[in-house]
Amino acid sequence: DSGPDKDTTVDMAERAADIQASATADWNPLGEIYVKRYSNYELDWGINLADYLVAMSPFAGPLALMPKQRQTSMKSEITIYTLAGKKISTITWEGGRVIELGWTLSENLVCVLEDGSMIIYDIFGQFLYSRIIQREIQTSRVQECKFFSYTDKDKVFGGFAVMTCNTEFYIIVDIDKGKDEVRIKKLAALPDASSKPGCWAPLCKESTSVIVTVEDRVYLLSHLDATLYEINCGKKSATCWMEVAVSLNGKAVALIDREGYMWAGTTDFKSSDTEFDLQLKQKVARVQMQWGEMDYFVLVIDRIMFVKGLGKHWCKYPMNGPCCLLAEVDGVRILTNTACEFIHRVSTKSLNVLRIGVMEPGALLNDAYKEYEGDESHKADEFVRFIKDKLSIAVSQCIEAAGEEFVPKVQKSLLKSANFGKGFLGSEIQPDLVNAFVETCRELRVLNSVRLSKIGIPITLRQYRRLSSGVFVDRLIYHGLYHLALEICEFLKIPPSEGTVKVLRNWALKKVQDKSMSDAEVAQKIKKKLKDANVVVSYGEIARAAMDAKRLTLAADLLRNEIFAQDQVPLLLEMDSDSTALEKAVESGDPKLIHQVLRQLKLKLTTERYYQMLHFRPVAAALYCKVLKETDQEQLLRLYRQESLFVESGCMYFAQSFTARDTDIRKQRLFDAQKEFRDAQDIFATKAIEEHAKLTTEVVKLGLKETATLSEAVIWCVKNRQPRQAEQLRKDFKMTDHQYWWAMIRGLCDIGDYAELDRFSKQKKPPIGFEAFAEVCITHDNYREAAKYIPKAAFENRYHLYLRIQDYSKAADAAFQTRNIGGLDEVAIKAARTPEIVDLVRQMKAKLEGR
Amino acid sequence: MATPGPSATPDLQLVAQYVRSELGDILDKTPGPKDIVIQQELMTLLNHIASVKFLKSHEMDKLYRLAPQMRVPGYNRYYIVRPEIGSAYTISSHINKDMREGVRINYNIVFVPRNLACCDYILEREGVLGQVLIHEWNLYLIPLDEHILSLEIPDATQALYLHGDYTLLHSVAQSVLQLEVLYGGIKTFQAKGVLSCKISDLLGRLREAYCIKDEAWGSHDVSELIMIDRSVDLVTPLCSQMTYEGMLDDTLGICNGFIHVTKATTGRLTDTKVLVNSTDPVFKLIRGLLFSKAPIVLSRLTRELKGEYDSGKGAREISDLKAFVSQLPELKKKHESLSTHLRVSEKIVTQKKVEDFKRQLGYERAILECQDATGPIIEYIEECIQRQVTSLLPIRLLCLLSLTSGGIKSKYYQSMKLQYLQSYGYNHLSTFYTLEQLGLLRERTGDQLSYQSSFKQFNKALRLVPKYASSEEMEKVTDMSYVFGGAYLPLGCMAVKSVIENGNWKAMEDISKMWKGPTVSPSGTSAAPVGVKKKEKGAKSSNQGRRTIIVYFVGGCTFSEINALQYLGQELNCRIVVATTNIISATTLLECLVNSN
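Residue numbers (the working numbering), protein chains in the order written: chain P, 1 to 851; chain A, 1 to 597.
The reader is advised that the hints may include incorrect statements.
Straight-line alpha carbon distances no greater than 25 Å define the calculated DSS-like cross-link-like pairs of lysine-lysine that follow [what the hints assert, rightly or not]: (1) Lys409/A with Lys687/P; (2) Lys467/A with Lys845/P; (3) Lys293/A with Lys830/P; (4) Lys731/P with Lys411/A; (5) Lys347/A with Lys830/P; (6) Lys284/A with Lys263/A; (7) Lys409/A with Lys734/P.
Covered stretches of chain P, as calculated for chain A (at least 3 residues, CB under 8 Å) [said to hold, decoys possible]: (8) 591 to 602; (9) 621 to 629; (10) 737 to 745.
Quick caveat, the hints were computed from the structure, so don't treat them as lab data.
All figures in this text were calculated on a predicted structure; none of them were measured in a lab.
Just so it is clear, CB atoms sit at the ideal spot from N, CA and C, and this is done for glycine as well.
Generate the whole structure from the sequences, applying the supplied hints.
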């Protein structure tokens, strides 16, 4: 893996020297440190910043300009640009007087109006929301407004503060969360309410407060109270602070008065590292002041820009026109009429390698490479040998230095040096170092591509790392730079779920709003792109966006491609594609979804239409029936009839006839059931129900409970010596002989009337055989009676009946007579305790087998 | 709670661990002490997943059984229920009552495995939806034993085959995915039957939806999944079970892995619930044996136990005594288990009335043999109806007869039906429609040929009902028919065997063109025939390399089938894990059909 750009031409040593010279040419010493002013873009936009309200956003975000309004409610325009001066969008302004413009962390534009309202737009000028900040402000009106952002370690936080005309202060945060989530906090009143504040600035620490100065006094207004701070300054005469600046991490504050006297220190105002008098000739009207990093800040007074370091150190740059400043995490952005610049401290990383005369390993490695390029390889060798033990450090330093640079040529030169050094490390190279090299190459390539003026995001490597690649990709998406975002995702190997999928999803969501293309074109384009990328993006969501954009055909087209039924079905319902919705739900096999659709449809459709819908879908119908069974049986019956499921409705009516409490209802249900079965042309059931009704009346007449069965009734008659009734039942219900005989035997045995049983057995030859008599006697444990019937039973059945009444010798006999050897074995096992029988069986078996 | 034996790989307890931690997360969502109100049928299931100690560690105060009227004191309450309308109503009534009384409680409802819109609807209609936090606990398969996984949906068979309620299919598919998450991707998937094929389709959809690609899996602990519809073999579950475990289920009923033993049986003071799985040392030995052979093992164990106790008496040295004492808890456990099983088997013997049972088995065998003359069988069924022994027996035999012979002749059928109604009550009218709808009963009208049963063809080709010269020979069988005392080779298990050996269903389909339902087999690559693998294994002879096959029954399976498949696993030297929607027996299957009114 080589540098950010593959270049085959060999750089000459002189060129390398040039590069180094140019890399350090704009360094300006400031005490121990150096500052560097670098122009990212020349601007040719014909704007005079003095006439505009200007709002820049941190992390090299967009820029908004609005002509300064002289009067309230004048027609105007807000224009949003990239930092390279490329117009992104324009908002026609017809509202009230804008006090201040500013950006939220998600790069939404906030307009704060004099009347106490705020209006939010996205960078494309799309209106997001507007609201009154607070009722009280409506009457007191906004006088000034200041945006702030707080960046420290892993926390990023931002919002704005307003000062009303009656000097009340409010903090407004969480603007990106939406209209109703905005949080507003009123701060404690300024004790010196009568006097006019000199200057003020929001201060974020644990909580957000405001620093306000009144003449030489400094107050800190928090949510709860106001604190007065005494500043021990060396100035003799009384000061009147006119500007205050707070660092992004809320730890440092700087104040300046009209005479150019400065005080800078900690935000508890206890210690100061800088007290300095610029000793200006005349009182100044306006000062701009922003902190860079913690050890320097930038001021613009009239046409001069001062960079103030710690202690007495300072340097100045001339400015040829109006400008605006914005603090970034690693420097200060400067916008002028003609350029977008960045001023920052030269980091140690750069110093280690590029500072003239430095003896750090990185610098030596860089020199070595230069010699090598210049064909002075022996010198190069010498350098390398000199830093042999620190080669890893040298490589790492070169990599780090490259990351600090804006100019690709310089980056490349440094990375080549690093690569050169890497070569000497061979296989001993630490994996971390290789990673750092590859990573930096990738990152620089990404940064270089977004720094191009057509994109206009001059972000530094430190800012980029602070944002993280994920947030950075989000920003690109937000800017509509989908193509770039996609390439970057692939290049940085961001996992698809956080990269490609996110980009394509947003791209598609935007695309459906593109009215310049026909529905078919849009659909085709989206489908192709998603298919090519081979990632799963929710078509459901895109379809919803299309629907929100009132493109129903497009939505329907897209929705067809959704593979998640969960994402597809609810939308289909919304689009009134009821039938398809149900079909897809059923197809998905997900009962949860089917239930959901069923419920929605039930609410939406007429019963008739609903039933029609179910008609072709047994899976869904089954679920609905299950629900109805437990909630609404009448409805279920209606459904059954509608579907001509007469047997089902018949069975249900019949079941109800048993459970209903009221006798009339029972009769009615029975009648209904019969009708259904008749419709089903089920003769058997129709007759059965008729018989059932008849039987019920009969058993009630007999004094039995209603549920008694025919067998039970007959047996009851036998047991209660009512043979005529039994006979009657037999005739009425056309009982078969078998049935009747079984009932008689069981009844007689139950009451132990064995004499009657005997008589009954002799009436005629029993149709169920004498075995039945024996069996029933046995179950009543009456072996003696059973023995009477066994000889009359069929030959082959006798042995096991004898066995059961434990008459083993007869059993053996019976088995022997039917030549049943298995039967004999059985007898032998049962009668194992009676030797005579065992003996007998043995003889019999011998006889049978012998023959 | 069941502790796993260490031998089994892959360990099915992983499933329990997985769902247990999920439950823990759900309970942690409401901090502070909480009461858990759980639906009756989930109560015993919870025993297999989470101990009371575990629940206490998630700040459970007390565990209650869901009832229409109940008092629960705490301020945080969790209901754990199936997504059924009934439980939604009960919960709503509780909440409304609390509200009337002005009690403020944090309500949580945990639906198992998922919430359904119909429950939301009830909660909304009763005006309590806003009061509750709803969770879903994706509890699908429950490891009942080291080789049994079950969804434990008691009415699965009816829901799928009678009501056309396919809610379960989704659960089955989800459960397979869960297994894949735990044990890695399953390479080979074989399915037989309409429902299994639907599930296969669903699985494909779910995999696509979750973006699961085949390469994504690290390990492959399970090599094969064979999914089979219950409707493919309805004969086997209707046969009287003859293994100890099967008999236990047929008579006492094994519910969620527990048997309910009455105080009359145990001679203890109260009824007890006994866990019957491999953690029970005695049950482990006898579960798969024929019931008739269990007493032999039980008496041997009794002798051994006595010997072990006596060894304590003989001990002289302190060290010997010490060793003996350390064994005592285990001996006691064995003792207890032994006494339980002795009493239980005694109970079964008295309940079964040996002579009657033998006679009944004879007729069952005659039915399975598919003899042409059905007269005596019909007469026997008639006798059963008339003697009103149980309402299930005649139905069971009728169904068996209908299934094996492709329907019952109209004149018999009508008469049996009428007699049954007259004997057991006309309310059984719908029973017959139910059975017909399930395909268990069929009236045969008109021409004979169209009623050829596939069972008959299988019977002929695979000799499902082998003929033996003597009863001794019958007892010595060395195939899966042993579970029915050598009388019958269970068809479903034979299908599984065939598909394991051939890598597809073709061999079975060639036998009977009428065999129910479509199939899914892996395209192109057929699984390596077991025979080849067996030889390789011969050299290593270690358990490590054994392949694991999951056989998933959609619509339930019986313990006999599980026993048979365990036997098959030994025969083929592979581990067979049985997964099922529910464990059924002829009794449980028919009971709810017959008593549905």
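These are the hints, each one checked on the structure:
{"no.": "1", "hint": "Lys409/A with Lys687/P", "result": "holds (20 Å)"}
{"no.": "2", "hint": "Lys467/A with Lys845/P", "result": "holds (23 Å)"}
{"no.": "3", "hint": "Lys293/A with Lys830/P", "result": "holds (17 Å)"}
{"no.": "4", "hint": "Lys731/P with Lys411/A", "result": "holds (21 Å)"}
{"no.": "5", "hint": "Lys347/A with Lys830/P", "result": "holds (20 Å)"}
{"no.": "6", "hint": "Lys284/A with Lys263/A", "result": "holds (24 Å)"}
{"no.": "7", "hint": "Lys409/A with Lys734/P", "result": "holds (21 Å)"}
{"no.": "8", "hint": "591 to 602", "result": "holds (count 6)"}
{"no.": "9", "hint": "621 to 629", "result": "holds (count 6)"}
{"no.": "10", "hint": "737 to 745", "result": "holds (count 4)"}
When held up to the earlier numbered hints, the structure conflicts with none and fits them all.
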